[in-house]
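Undergrad: Protein chains in written order, with our numbering: chain A, 1 to 76; chain B, 1 to 1381.
Worth flagging that the hints you see were computed from the coordinates, not collected in a lab. Keep in mind that the hints are not guaranteed to be accurate.
Okay, derived cross-link-like pairs now, DSS-like style, lysine-lysine, Cα gap no bigger than 30 Å in a straight line [as the list claims (entries may be wrong)]: (1) K637/B <-> K462/B; (2) K76/A <-> K192/B; (3) K228/B <-> K363/B; (4) K596/B <-> K487/B; (5) K50/A <-> K290/B; (6) K70/B <-> K54/B; (7) K76/A <-> K199/B; (8) K1123/B <-> K1107/B; (9) K75/A <-> K186/B; (10) K816/B <-> K504/B; (11) K968/B <-> K1008/B; (12) K634/B <-> K1279/B; (13) K198/B <-> K50/A; (14) K1173/B <-> K10/A; (15) K290/B <-> K2/A; (16) K1322/B <-> K1173/B; (17) K2/A <-> K192/B; (18) K1255/B <-> K274/B; (19) K275/B <-> K50/A; (20) K67/A <-> K238/B; (21) K1243/B <-> K10/A; (22) K76/A <-> K10/A; (23) K10/A <-> K186/B; (24) K290/B <-> K67/A; (25) K772/B <-> K1213/B; (26) K1279/B <-> K1243/B; (27) K1210/B <-> K1176/B; (28) K50/A <-> K186/B; (29) K596/B <-> K637/B; (30) K732/B <-> K1243/B; (31) K634/B <-> K487/B; (32) K1145/B <-> K943/B; (33) K192/B <-> K10/A; (34) K10/A <-> K238/B; (35) K76/A <-> K200/B; (36) K50/A <-> K192/B; (37) K228/B <-> K186/B; (38) K50/A <-> K732/B; (39) K1123/B <-> K983/B; (40) K1255/B <-> K200/B.
Owing to the predicted nature of the structure, the values given are computational and were not obtained by experimental measurement.
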Amino acid sequence: MKERIIQYIKHEICNEPLEGIDVQDDLLGSGIVDSMGMMKLVLFLENEFKVQISTEDMTVENFMTVKNIMEYLSKK
Amino acid sequence: MNKPVGISIPLTQSQLLLWTGQKLNPEVPLYNVPYAYVISGAVSESVFSMAFQKLINKVDVMRTIFFEEKGQPYQSVLPHLNYTLEFVDFTSTTSDKEVRDWMGRRSQRLFDMSRPLFDAALLKVDDERYIWFLNVHHLIIDAISSIILFERMSEIYSLIQSKDVGEITELPRYTAYVNFEANQRKSDTHEKNESYWKKKLKNGLETPPLYGPKKPTTTTRSERVGVKLGLERSHKIKELAARPEIRAWTQDLSLFNLFATLLFVFLYRVSGQKKISVGAPFHNRTANFKETIGLFIELFPIVDELVEEDTFFSVLQRIRLESNNNLRHAQPGMATFDIGKSFSAVLNYMTSSYPDFDKFPTKSEWIHPNHSDSAHQIRCHVADFDATGEIEIFFDLNHGTFDQSLYQKVPQHFLNLMDAMLANVNTPINQPEISTEEERNNLLEKSAPNNTYSSFLELFSKSVADSPNETALSYWDKELSYMALNKKANQLASYLQQQGLKPKDKVGLYFFRSPEYIISLLAVMKLGATFVPIASDQPSERITYILENANCSLVLTDSMLRVGMNSGPARVLEVNLENISAIIYEERAIDRLPNKNDIAYILYTSGSTGRPKGVMISHGALSNYLQWAMVYYKMDKAFIFPFFTSIGFDLTITSTFLPLLSGGELVIYRESDSGPDISLMQVIADNKVNSIKLTPSHIALIQERDLSSSKIRTMIVGGEDLKTNIANLIKKSLREKTRIYNEYGPTEATVGCIVCEFDPEQHTGVSVPIGKPIFNIDVYVLDTYKNRVPQGVVGELYLSGSGLSDGYVNMDSLSKEKFVKNAFVPNARMYRTGDLARLNNNGNLDYLGRLDEQVKLNGFRIELSDIEANIANHPAVENAAVVLLNGKHSIPESEVVNCTECGLPSNYPNADFDEQGVCHLCTAFKGYKEKTDKYFKTEEELKLLLTSNKNKDRYTGYDCLSLLSGGKDSTYILARLINMGLKVLAFTLDNGYISDQAKANIDSIVNKLGVDHIYGETPHMNKIFVDSLHRHQNVCNGCFKTIYTLSTKIALDKNIPFVVTGLSRGQFFETRLTEELFWDDTADTTTIDDTILEARKLYHQEKDAVKQLLDVSMFNDESTFDKVQFVDFYRYSNVSLSEMLQYLKDKVAWVRPTDTGRSTNCLINQVGIYVHKKEKGYSNYSFPYSWDVRLGHKTRAETLEEINEYIEEKEVKLIIEEIGYEEPNDSNENRQRLVGYYTGNSKLPSIELNRHLSKKLPEYMIPSLFKYLNELPLTGNGKVDKAALRSLNDVQLEMDTPFVAPSNEIEELLEGYWKEVLQLNKVGVHDNFIALGGHSLAAIRVTTRINDELEMGFPLNKIFDLPTIAEYALLIEKTIVELLE
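All chains should be built: construct the whole structure from the sequences, respecting the hints.
TA: Here is the structure:
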């Protein structure tokens, strides 16, 4: 799961070419991903992991790092 | 545009929208994106120029051109473009202005689409300062692309400087995005997302009326106003954005949400509209396109509906969800024209900033090309281009919505809201004042106060002392001097005092306009009592109510009005000029000077509850108005006013009191005892007065008169909105120096409290402003939270100050609701007028209609006065009124009750039930039942009649033709006729819908009875059904007429002298008999039969489908009606239902068909009942069956069962489709529509008015129907009578003739009959009888009534020859004159 998410971020949505992303990297605050990119990620996650992510759940807490995202998904 | 060499590439959706927008505005640079990059450093001109050429070589959109091929736009990239960068030297100029002007001009340069869409120059300001001017068409660029382009330029410049030219990399191509976007549009998700946006747009998004309603804007002109937030605010809003309860994924998204919240609140606060849509760009750049230059953005609407209780935070919470939802569905290529049209405000939050240009500090300025999309009323750009940490907001304000006075206010209002939000995000959105301190001071503009109170009596005494012998009142051919008037008033006062009248007592003054009224009010005031004027035309119940409500101890009136007045406990005294002087009491000056707080009068105005409300006006308030008016209108002895308006109308206070205070003259015009009040016409004809107070509707009445020699030089207009066109018309027809004043004031603020002198030069809007407040009056325009709205914004008008009423008599809760605590002045009250107003740019108040005149149609809030003003603005229109018709108000079936005797449903037109629940028809019938008995006869008589021909030569075999439908009634008839030994030919119309069982019945009956039988048919049957459904909302009328027509023809051909019908007795009353026929005691059955025959002849002349489609030539021959007579069997038979069924069972083995509705053997009958019920609410059998019950041929229970029978809608719909009937789709119950009435020289084509209005009003505000009237109907107070305008029915509205009300007694008499018989609320004298649904039966009813009332003998057909009230009235008049001679 981790790799798939990181790969997606790296290839599809990140703002600048990245060497690698750590699960603890702040995706949102650092500007790696903008809101439109994050929404693309949400759609990807929904599709890839067959989950529904409600608008209410689209918070910084759930999406700041890859780790947060994985924790959030695991609760779904 | 020529097709270039190269590949034709289609446009992206976003490009397509801009391309179309530009094509619609070919001469306007509305999509130019010009930037000025101010570079502080010694730029090398040659390197810069070289770098720019390299930039063009590397960036494909810089070489892109556009063209059309078969109407489709395409783009193509030129392989090479040699560009010489223009260099402009400004080093010799000293002012920045020259540079700015140059850039301003260049920014507006139009692009040739077939050439590259950019323009660039390098401006040298001085050795250390250069400006790179770059203007690019939006088709190939957006905000982020501009920054990328700038960065690439800077990079190339730097590489050339360092001679690293080889390092310049190729840039990603926009064409890649074009392909990507096209594929996205074909993807599955596209369709899913499309439905999201469609759903969002479906719920009627309306343009908010920013700073007051505007006409739809069509200009692209716009003003850009920038405002810097300052570092403190910028810092605070970023802090707010970071709060856990506020932050979204990114800081940018959080800030976007906060600015969106502010914009929503702002738009709501300056428009009052709650449902708002704001377009916001989505950048559409995902991983592969981060560095591509071109047009990526697409705008999508954020929609929110605010509620009054919202706080900034509660709005933000919704916006946050909304923007996330939008993000989810904003896929590249989703933008459409519809989406683009769904917002009129744009929030453009720009995230990026510009770096330095090759180490030189650079400032970037986005130049406004003075134009933007005409659909965008307001655009709000948020940016920090130079990354200073200070946010700047640019507002693009469309000139159609914002005038100059608002340019600087908009950012201030926005900042006021922002500061409130930053102070506390939980602030209610309606709480902060948005207007500036400066505006608030201006809003409270007051006229100079005047604190010297003199009571009316003091002022009047002065007139008496100054002009004792001048004429005070003139009436008929008499006059009363000031001294004489005062003397009579004193005499009456002494008398009343002697009779026990005390100060503060209430006295009703129930008078015609007369000297007695004036004397009485003076006398009452002299005693310190309060007068309550009651006009002569008031209904008696209302008078009783007023006297009781006001607690009047006394009523003064005259001998004529006294009759029939129920004064309750109040004493009644008659006053007339003669007996005043006869009163023995010596003339004693009684002048108890009233206190400011004493109540001078109580005026009753109509209340929304249906009960009039008594407005108490103190002497202080009265004098405040009068003292102001004396000064303002420069009153002196020369003023002569007519007293011609109702004494119950506060406008009349001006005419009656003002001249008496200035030593002027009051000319009294008494109203007539009955009928319309035409005193105004007399005022004009007499030409005695030089001043007048009237309503705009009054002006409309007189403005066609020749007023060139009129003496009027002061015209005070009040009571209604004064439209500019009316004011202009009257201004032109009066003497040049005539002054026209628009005086505004509700009764509750004493006659007039805001005034404006009409100035044709200055007042060019649709209505004349109401102007500025008078002495001691404060005016506030407030929103629902009682905040003062900014100048320009519409709010409710509140009044405060000396002119305010003390409230309503005995209506404490209403008084508290309308007279509230003044929020701005301690211990003062203010009155909520319920009127909408705004302070216009000239500091005058504009009146914008009643708050409750705001109607909602299909969710749109509409100001009727706005539409009226715009219709009236048409050069050929004089006056206009608009009403919203609520369409049919059908009573829910559960609420319908039925007459306890006959079962008539209560939703039958004009049904009137008494306390026992008995309908008016039953009650009336009891009065003439006996007379109807002689109309009915026996079977013996029938046999005699039908065999009477046997002896004649003509006899050819058949005694009669019997109409056989196969039902019980007609089968019974056939059997009985055979039983009489008659030779009968049976006839059945095969209308195509006779049930199989019924057909089998018919065959077996004729077999069993051994009679000859023929079927008739016509290929036109379905057309006849459809026509009948349209005309009568049933099928039976059409079917019957077809049967009568075909059977008459057969009878003629076969020389059969009689046709026997199976109509029930109830049906006689539906088709032949009316109660009027039995009114005349002397009329025998022969007279009735003659009338019916006459009606039958007319019946066959009615121009319906039968007349058009069948052979009806024989009806043109009078002898046909002789040769073939119609006989109704049941006129001769009184058989009961059980007897009949028994007989049928025994003799012909008749069985009731089970494959049709119960009431008939005919399948299509259900369609008739269905349509009738749907259109009229009740079954078409309700009326005839009620007669069957009344005549004892049916029981009430049987009737109810049949008229309430269930109808299978599915089957009915099939038949409806089969016969080709189109159900009116407007028959849904709550269909509302706007109807515009107008007056003018002549009727205008509706399309002309439509065209006129569509230039000024949005589609939903354009009336669906326009109706020309000679005059607008007025209420007693001279205001447009909207209730009357709402009472015209659909047919009357659709009629091509103008509506003209009856103007004489005969016309009124006829109108009364027509209204009753045709069941209408109103009839115009030119309305056509037939078009209104008048048929032969209605002709009987109307004609009989006329003949009865006037003792005339007009034949029935006269009403078809002279089908309008006007024509018929002339005939009556002529006949009367002839009789008299």
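Undergrad: Are the hints correct? Go through all of them and say.
TA: Checked hints:
Our distance criterion of 30 Å between C-alpha atoms is met by K637/B and K462/B, whose separation comes to about 12 Å. For the given pair, K76/A sits about 24 Å from K192/B by alpha-carbon distance, which is consistent with the 30 Å threshold. Straight-line distance between C-alpha atoms of K228/B and K363/B comes to about 15 Å, which keeps the hinted pair within the 30 Å bound. Pair hint K596/B plus K487/B holds up; C-alpha atoms about 25 Å apart against a cutoff of 30 Å.
With a CA separation close to 29 Å, the supplied pair K50/A and K290/B stays within the 30 Å bound. Simply put, K70/B and K54/B have alpha-carbon atoms about 34 Å apart, too far for the 30 Å limit, and the pair is violated. The straight-line distance between the Cα atoms of K76/A and K199/B is roughly 29 Å, inside the 30 Å bound, and the hint therefore holds. For the suggested pair K1123/B and K1107/B, the alpha carbons sit about 20 Å apart, so the restraint of at most 30 Å is met.
Among the hinted pairs, K75/A with K186/B is inconsistent with the structure: their alpha-carbon atoms are about 35 Å apart, more than 30 Å. Proximity of K816/B to K504/B is assessed by CA-CA distance (about 23 Å); at most 30 Å being required, the pair is judged to hold. For the hint linking K968/B to K1008/B, the alpha-carbon distance of about 15 Å falls within 30 Å, and the restraint holds. A threshold of 30 Å between alpha carbons decides the hint, and for K634/B with K1279/B the separation of about 27 Å falls inside it, so the pair holds.
Annotation: proposed proximity of K198/B to K50/A holds, straight-line Cα distance about 26 Å (limit 30 Å). With a C-alpha separation of about 69 Å, the suggested pairing of K1173/B with K10/A is violated against the 30 Å cut-off. Of the supplied pair hints, the one linking K290/B and K2/A holds, its CA atoms being roughly 24 Å apart against a limit of 30 Å. Taken as a hint, the K1322/B and K1173/B pair is honoured in the structure, with Cα atoms around 24 Å apart against an allowance of 30 Å.
Proposed proximity of K2/A and K192/B is supported: the alpha carbons are some 29 Å apart, at most 30 Å. Restraint check for K1255/B and K274/B: the C-alpha separation of about 26 Å stays at or below 30 Å, so the hint holds. The hinted pair formed by K275/B and K50/A fails the criterion: a straight-line CA distance of about 36 Å is larger than 30 Å. Distance restraint check for K67/A and K238/B: the Cα-Cα separation of roughly 27 Å lies within the 30 Å cut-off, and the hinted pair is therefore satisfied.
For the hint pairing K1243/B with K10/A, the CA-to-CA distance comes to about 73 Å; that exceeds 30 Å, so the pair is violated. Annotation: proposed proximity of K76/A to K10/A holds, straight-line Cα distance about 24 Å (limit 30 Å). A C-alpha spacing of about 26 Å is found between K10/A and K186/B, which places the hinted pair at or below 30 Å, so the restraint holds. Note on K290/B and K67/A: the hinted pairing holds, with a Cα-Cα distance of about 26 Å set against a maximum of 30 Å.
Note on K772/B and K1213/B: the hinted pairing is violated, with a Cα-Cα distance of about 63 Å set against a maximum of 30 Å. Distance hint between K1279/B and K1243/B is fulfilled; the C-alpha atoms sit about 23 Å from each other, no more than 30 Å. For the hint linking K1210/B to K1176/B, the alpha-carbon distance of about 20 Å falls within 30 Å, and the restraint holds. Pair hint K50/A plus K186/B holds up; C-alpha atoms about 23 Å apart against a cutoff of 30 Å.
Restraint check for K596/B and K637/B: satisfied, since their Cα atoms lie roughly 26 Å apart, inside the 30 Å limit. Proposed proximity of K732/B and K1243/B is supported: the alpha carbons are some 23 Å apart, at most 30 Å. Restraint check for K634/B and K487/B: the C-alpha separation of about 28 Å stays at or below 30 Å, so the hint holds. Our distance criterion of 30 Å between C-alpha atoms is met by K1145/B and K943/B, whose separation comes to about 23 Å.
This hinted pair checks out: K192/B and K10/A have alpha carbons roughly 27 Å apart, not beyond 30 Å. With a CA separation close to 29 Å, the supplied pair K10/A and K238/B stays within the 30 Å bound. As the CA atoms of K76/A and K200/B are separated by approximately 29 Å, the hinted pair is consistent with the 30 Å bound. Simply put, K50/A and K192/B have alpha-carbon atoms about 17 Å apart, close enough for the 30 Å limit, and the pair holds.
Taking the CA atoms of K228/B and K186/B, the gap is near 43 Å; set against the 30 Å cutoff, the hint is violated. Between K50/A and K732/B the alpha-carbon distance is near 78 Å, which puts this suggested pair outside the 30 Å criterion. For the proposed pair K1123/B and K983/B, the alpha carbon gap of about 18 Å is at most 30 Å, so the pair holds. Among the hinted pairs, K1255/B with K200/B is consistent with the structure: their alpha-carbon atoms are about 28 Å apart, no more than 30 Å.
Hints 6, 9, 14, 19, 21, 25, 37, 38 from the list above are not met by this structure, while the remaining hints are.
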